[in-house]
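> The residues making up each chain are set out below.
Protein chains: 4
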Amino acid sequence: MNKQMIIETHKHSKAIEFRFTSIRKFTEHIVEPLEIEDFTIQAIPDVSPAKWHLAHTTWFFETFVLVPNNPSYRVFHPRFDYLFNSYYETIGNPFPRPHRGRLTRPSKQEVMDYRHYVEEHILNLLKESDEELRSKIGPIIEIGLNHEQQHQELLFTDIKYNFYVNPLRPVYRKKTQSSTSVNQPLNWEVFKEGLIKIGHNGKGFSFDNESPRHKVWLESYEIASRPVTNGEFIEFIEDGGYEKVAYWLSDGWMAVKAEGWKAPLYWEKIDGAWYNFTLSGMREVDKNELVAHVSYYEADAYARWAGKRLPREAEWENAFSNQEIKGNFAESGFYHPYVGQEVENNGLQKGFGDVWEWTMSPYIPYPGNKPLDGALGEYNAKFMCNQMILRGGSCVTPLSHIRLTYRNFFQPEKRWQFSGIRLAGDII
Amino acid sequence: MNKQMIIETHKHSKAIEFRFTSIRKFTEHIVEPLEIEDFTIQAIPDVSPAKWHLAHTTWFFETFVLVPNNPSYRVFHPRFDYLFNSYYETIGNPFPRPHRGRLTRPSKQEVMDYRHYVEEHILNLLKESDEELRSKIGPIIEIGLNHEQQHQELLFTDIKYNFYVNPLRPVYRKKTQSSTSVNQPLNWEVFKEGLIKIGHNGKGFSFDNESPRHKVWLESYEIASRPVTNGEFIEFIEDGGYEKVAYWLSDGWMAVKAEGWKAPLYWEKIDGAWYNFTLSGMREVDKNELVAHVSYYEADAYARWAGKRLPREAEWENAFSNQEIKGNFAESGFYHPYVGQEVENNGLQKGFGDVWEWTMSPYIPYPGNKPLDGALGEYNAKFMCNQMILRGGSCVTPLSHIRLTYRNFFQPEKRWQFSGIRLAGDII
Amino acid sequence: MNKQMIIETHKHSKAIEFRFTSIRKFTEHIVEPLEIEDFTIQAIPDVSPAKWHLAHTTWFFETFVLVPNNPSYRVFHPRFDYLFNSYYETIGNPFPRPHRGRLTRPSKQEVMDYRHYVEEHILNLLKESDEELRSKIGPIIEIGLNHEQQHQELLFTDIKYNFYVNPLRPVYRKKTQSSTSVNQPLNWEVFKEGLIKIGHNGKGFSFDNESPRHKVWLESYEIASRPVTNGEFIEFIEDGGYEKVAYWLSDGWMAVKAEGWKAPLYWEKIDGAWYNFTLSGMREVDKNELVAHVSYYEADAYARWAGKRLPREAEWENAFSNQEIKGNFAESGFYHPYVGQEVENNGLQKGFGDVWEWTMSPYIPYPGNKPLDGALGEYNAKFMCNQMILRGGSCVTPLSHIRLTYRNFFQPEKRWQFSGIRLAGDII
Amino acid sequence: MNKQMIIETHKHSKAIEFRFTSIRKFTEHIVEPLEIEDFTIQAIPDVSPAKWHLAHTTWFFETFVLVPNNPSYRVFHPRFDYLFNSYYETIGNPFPRPHRGRLTRPSKQEVMDYRHYVEEHILNLLKESDEELRSKIGPIIEIGLNHEQQHQELLFTDIKYNFYVNPLRPVYRKKTQSSTSVNQPLNWEVFKEGLIKIGHNGKGFSFDNESPRHKVWLESYEIASRPVTNGEFIEFIEDGGYEKVAYWLSDGWMAVKAEGWKAPLYWEKIDGAWYNFTLSGMREVDKNELVAHVSYYEADAYARWAGKRLPREAEWENAFSNQEIKGNFAESGFYHPYVGQEVENNGLQKGFGDVWEWTMSPYIPYPGNKPLDGALGEYNAKFMCNQMILRGGSCVTPLSHIRLTYRNFFQPEKRWQFSGIRLAGDII
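Residue numbers (UniProt numbering), protein chains in the order written: chain P, 1 to 428; chain V, 1 to 428; chain D, 1 to 428; chain C, 1 to 428.
Since the hints were made in silico from the structure, they are not lab data. Hints may be right or wrong, so weigh each one.
[Unchecked claim] Here are the simulated lysine to any residue pairs, SDA-like style, with alpha carbons at most 20 Å apart: (1) P:370 with C:305; (2) D:244 with V:380; (3) D:197 with V:214; (4) V:197 with D:220; (5) P:192 with C:280; (6) D:257 with V:97; (7) P:192 with C:195; (8) V:308 with D:383; (9) V:215 with D:96; (10) P:215 with C:93; (11) D:370 with D:220; (12) C:370 with P:374; (13) V:244 with D:379; (14) V:257 with D:220; (15) V:192 with D:196; (16) D:192 with V:97; (17) C:308 with P:425; (18) V:308 with D:369; (19) D:192 with V:222; (20) D:257 with V:45; (21) C:370 with P:425; (22) P:257 with C:305; (23) D:370 with V:222; (24) D:174 with C:105; (25) P:244 with C:222; (26) D:215 with V:425; (27) P:244 with C:372; (28) V:244 with D:196; (29) C:370 with P:306.
[Stated by the list, open to error] Here are the in silico distance ranges between beta carbons for each label pair: (30) P:307 with V:411: 30 to 36 Å; (31) V:165 with P:307: 47 to 53 Å; (32) V:190 with P:168: 56 to 62 Å; (33) D:109 with C:132: 50 to 56 Å.
For every residue, glycine included, the Cβ atom is placed at its ideal position computed from N, Cα and C.
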């Protein structure tokens with residue numbers, strides 16, 4: 001995080017207030033279609049209950065803004081610090097993650113009360129703050145809002161998974177988009193070797209893991225004009241992709257065997273046709289949509305099968321560095337990759353939105369990177385092992401949250417995010 | 001089940017109606033203090049969500065009474081048979097038990113609607129039934145009601161466990177009883193050797209596993225006048241009972257090590273004093289109360305430490321065969337063993353209610369036993385391995401459900417039932 | 001153990017010496033066909049390395065005879081007490097059972113040296129002992145020899161399993177018997193109800209779990225003239241026995257699913273024919289042989305399929321109480337159930353030898369039973385939970401080890417012993 | 001592998017013969033101190049039995065050299081291909097790795113016979129080969145010899161672990177070196193930013209993962225003159241390094257908790273002093289020796305505690321690019337890091353030998369990298385996920401096997417290799 005810039009942006013408490021209020025409201029908007037029963041469960045340890053997301057994002061503001069900066073502030077509930085801390089182990093012993101779904105109390109209503117209690121105190125604190133206090137809490141609030149936006153995305157993906165394991169297959173929100181589906185051609189963009197720069201330039205907010213901006217030498221490479229579609233992925237399946245060890249990383253092959261993978265997560269073959277579960281219920285797979293919910297192992301196997309490879313994260317960032325950030329994000333309210341659309345040109349498409357794109361780059365710190373101090377330093381740095389970088393955001397990422405330099409990361413076996421595949425290749 | 005007797009008892013549909021209505025209402029009474037969020041979770045595979053109990057007991061009546069006997073009956077929901085079947089594997093593939101807590105839908109309200117829909121149809125069927133139909137469905141309804149009463153007990157024990165894992169330790173119902181606690185003396189009743197009879201005599205309802213009544217040769221034995229108290233069990237703990245391998249069965253010692261047992265379930269030592277979690281919240285252990293929530297292994301270890309043994313089930317039944325069935329049952333609304341009370345005489349006490357009493361008898365069929373036909377035959381027979389018999393009912397057993405000959409059974413490591421210890425010994 | 005009788009039997013050291021020497025030699029005879037490499041491994045936790053059996057049986061004599069009774073005795077190696085103690089937890093912390101196969105040292109030769117060192121000291125102690133010492137150590141030596149005979153049986157069954165997991169399928173000893181196979185008819189013997197007696201009468205050696213002799217009331221029952229054959233068991237398999245849940249105990253069905261059981265252990269279908277692995281290698285299943293290597297669950301499921309049940313242990317002992325103990329034991333050197341033989345009469349056959357017969361009786365103490373004092377008391381009593389009784393001995397039990405009253409016991413899922421099935425039924 | 005160069009090097013069969021014979025002999029030299037029993041076991045899945053290493057390295061030559069190039073060759077045993085294939089899944093279904101220790105047969109002697117049979121055939125094939133055949137099999141033999149050298153190192157580390165789990169703590173070879181131990185100062189070498197080159201230049205043998213030589217931009221960095229010593233690591237332990245979550249990667253902290261790590265593998269605290277198990281038995285930790293047997297997680301945690309970081313692999317290779325390769329390798333026969341020695345200068349020391357040095361670089365392919373074709377392509381490429389790069393070789397690596405550009409890789413939790421720590425830092 002470039003502190004200088006954040007301070008400038010948030011000099012005026014009105015601007016902070018506005019962002020704070022609108023982002024917090026969007027979280028409530030996400031859970032609006034849920035029944036009370038839906039707020040509590042955790043189908044697998046990876047996903048968290050909706051109630052937990054609502055409370056944890058609130059706990060962040062209480063713990064890092066209110067408690068240190070408002071001496072008269074009384075915490076909403078003395079045990080919530082224990083219940084809704086996540087992984088900030090330096091400031092306490094968090095409640096075990098796999099057991100979050102065991103908590104029926106606090107009730108959804110109490111959690112909503114908690115949210116509004118903390119929101120009111122934050123807004124009051126802002127109102128009464130002088131410039132000095134604002135320059136202190138502004139950057140923390142900004143992190144808290146970005147943190148909340150990350151949990152907005154997780155709310156979508158966790159609700160999807162929690163609904164999926166129920167044989168009744170509940171519908172979150174009826175399908176809205178229904179344009180004609182078009183098969184978009186696949187082209188290759190070539191980039192020449194050279195010493196380029198990646199990483200955040202310090203203007204506006206960024207996470208600590210995006211810094212510093214630094215030089216990288218890249219060999220010449222090509223990159224696909226769009227991510228892989230469902231139709232292309234079905235070819236891989238039908239060519240025995242999940243049965244041929246030669247396409248797979250060793251750990252990937254073990255995952256295929258252990259988990260019995262035969263298709264992306266949420267896919268099911270019914271009477272010879274592929275269906276997939278969406279936040280609008282089960283429906284037939286649209287071959288022109290971008291494939292989603294594949295693990296890194298599947299993305300890598302697909303690339304080997306196709307005679308290509310995944311892009312390095314520097315290659316990805318370099319390729320999209322001049323593009324406008326627009327596309328299918330959470331704000332569009334579709335919560336699924338768009339059906340195939342006609343495009344204006346044959347160049348690079350869909351780098352942003354729709355699906356996160358797995359890169360072949362493991363998540364490690366940039367040269368010279370410095371994590372934030374104290375508990376907030378745990379935010380990113382301690383996950384820099386055994387995870388792979390994804391880039392570009394998805395159909396459930398808030399548009400206002402994403403950046404060219406944004407580094408998302410997950411373990412290579414994870415599939416419950418909207419993760420897809422863009423191919424790349426060497427030029428020799 | 002003695003079919004002859006059941007038919008007689010239920011000749012008159014009014015009597016059936018009354019029992020049906022009142023037992024079904026008691027189930028709803030049990031869940032009345034719960035929040036909507038409390039209905040869904042399953043803290044460990046042993047316990048089921050409250051919603052599941054409510055639906056499963058209803059499914060029983062739908063499946064075994066309505067579907068076969070009312071041709072025009074339409075099931076409430078086509079998937080409920082899959083969701084709420086439990087272990088009747090002969091009639092379908094039940095939803096995996098450990099995943100019952102993953103189901104947020106149907107909602108609590110839908111489950112209540114399901115209950116009322118089925119109840120209405122049962123009452124209509126009874127109303128319109130002739131004697132022949134009544135003699136056919138009467139015994140099935142009677143099993144269904146006894147089945148529901150078993151789940152009433154499980155509702156209490158499962159709610160208790162689900163609340164316990166929550167660090168907020170919710171209170172189910174405020175404590176009601178508060179008499180003075182008295183230390184009751186422990187005496188020994190002696191029974192002479194002889195050929196006695198145990199098992200159900202066929203008058204009134206019984207489960208198939210209680211038949212036939214049959215002869216058993218018993219050697220002379222003694223049996224304690226009352227179960228072991230918390231105070232006595234604390235002596236065992238303080239004498240290093242959980243640390244000395246010599247007291248323990250081999251499998252028991254493995255459980256002690258694997259689970260880290262140091263006291264009964266729900267006990268916690270705070271500042272040198274023992275507390276236990278109850279349906280009325282945490283409170284200090286009353287030394288005069290009967291100890292509860294011990295496994296068979298702990299009961300057996302305690303008995304060895306005390307130089308005694310647990311009773312055989314035939315010894316237990318023989319000892320209590322002339323006693324009136326009264327005591328602290330679910331109907332008393334206390335949901336916890338009574339505090340120590342003064343007693344009228346020094347003879348056998350508290351055989352019924354308060355705590356289930358572990359016997360040293362494994363659960364196997366009586367000589368000549370015949371399980372029920374078809375799917376209902378799965379009810380008891382298939383569990384006749386690796387489980388131990390408990391006798392007498394507990395503070396959350398409905399009084400109208402218990403009998404002298406009632407055989408309860410659980411695996412020797414289970415602790416979440418109100419299970420206690422009565423000692424016995426050989427006379428040589 | 002009836003101490004009185006043991007003392008009498010062993011008054012004369014020559015008799016003890018002879019038994020000691022011949023039983024110890026038979027153990028070495030068993031391992032004679034092994035390669036040095038075969039002595040170390042442990043394919044699954046249930047089986048122990050041959051080397052461990054050789055050392056553990058020796059440790060017994062060192063620990064319970066030499067150390068307490070010969071002040072000048074120096075243990076062979078100070079760490080062997082830790083390595084070769086098994087479950088006598090009261091006298092130390094045994095080396096973890098599942099890790100016995102991790103020990104390449106001591107070498108086989110060192111273990112043999114250990115055996116001979118201890119043997120020499122035992123024989124010297126006997127030689128120099130007066131009557132008082134002999135009456136003290138005689139009974140312990142007798143237990144030690146019976147203990148060693150139990151491990152002789154385990155050596156056979158463990159070698160068989162350790163060889164089986166090797167794709168090279170080594171042969172332990174070439175097949176010796178080759179008589180013509182005959183299909184023996186199945187008849188039913190009926191026994192009338194009555195008060196009978198079972199348990200050891202105190203003449204000669206017995207384990208503590210066989211006492212005291214005591215009365216049991218038995219209802220009328222029938223018992224099969226011989227155990228179930230491979231041919232009969234194949235009918236069960238071909239009738240879908242392993243696929244129909246209705247035949248199975250609940251825990252049994254879980255084992256079938258978890259382990260993928262489709263036939264007895266060691267069976268394999270090759271080109272439509274059943275083969276089984278024997279200590280003489282793979283060979284085609286002989287339909288007239290008695291089926292072996294089935295779990296209690298399979299025995300119980302077979303009985304339900306056949307419309308029968310397994311015998312109670314008292315029924316079994318009562319049925320065979322007047323029979324001479326003879327049959328196919330370890331001494332015959334065949335190490336496999338005999339092929340079907342013609343029989344002299346249609347009455348009860350093969351109660352002893354060939355296969356252990358599962359009973360429906362869980363392993364619990366007899367009324368009035370007293371375990372041995374001290375560490376030897378761990379021998380049997382602490383296993384009296386979650387195990388089922390087997391009776392009659394098998395083709396790898398030493399004939400001199402078995403008795404009418406002998407109680408063998410294993411967990412219901414175990415299959416690596418030569419365990420078979422004899423049916424019984426109620427007479428109504 | 002640069003095929004051009006290998007062909008040149010191996011034009012002359014005499015040179016190949018000599019390398020083949022001497023490397024194969026060194027393998028036998030390594031196992032010379034073992035007892036026959038030591039050849040079979042596998043204490044944990046990570047380590048393989050000595051017998052397996054001996055057979056697997058032989059299987060490589062049989063499968064990739066003899067079978068495709070000598071039509072009259074008859075395999076030694078038809079099942080060995082199944083038993084001793086390791087991970088070359090494209091050419092068959094390998095025997096499960098965790099069960100390698102279940103195989104007592106083939107015996108050690110049969111495996112030795114297998115070795116000599118294959119060696120004879122390889123030497124004959126070379127003798128009779130023309131230049132064309134030699135240019136074809138020469139590169140494969142060279143890979144086979146490098147493969148065998150990798151297994152030589154594993155033989156040492158696996159023997160060490162297999163001995164360690166035995167409470168008798170066998171000694172592999174008596175300690176030989178005993179120079180005076182010296183505390184060597186720690187200095188920092190600085191390297192300026194720039195575009196450098198790493199990777200193999202194609203002269204002589206290399207593995208496919210070392211190519212191609214390629215450009216990397218490096219920021220300025222400093223690197224420690226020598227790896228961390230035991231004494232320095234003890235400071236980390238004593239400062240609570242294993243108890244403070246702030247030093248640890250998230251996955252590392254889970255490993256610390258799950259495995260109960262409190263010190264490097266093989267360390268034990270006895271009466272207040274640290275001892276470690278070595279191939280010469282237990283001995284007191286020498287504070288001036290380099291610390292070994294730490295995981296990546298421990299290396300990374302140590303670096304954070306020290307306010308530094310681990311080097312990138314390009315930084316490491318750049319730093320040592322002008323150094324002569326010498327040091328404490330397998331050939332020195334010490335099989336343990338040297339005791340601290342006086343050094344001639346204060347510059348970079350001990351980059352080669354003693355301990356492998358963890359880098360912060362995950363194992364991924366170099367830009368433009370092409371794996372070998374066919375089954376040999378599995379050799380390296382499929383492990384390029386979830387592993388970290390180590391550099392420089394250890395005290396059990398053959399000197400003739402190591403190179404500046406050599407990329408070793410292990411999962412971050414592994415500790416049984418001689419893996420140590422060299423610190424690095426940013427220059428800002």
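> Against the earlier hints, flag every one the structure doesn't satisfy and list their numbers going up.
5, 9, 10, 11, 12, 14, 16, 17, 19, 22, 25, 28, 30
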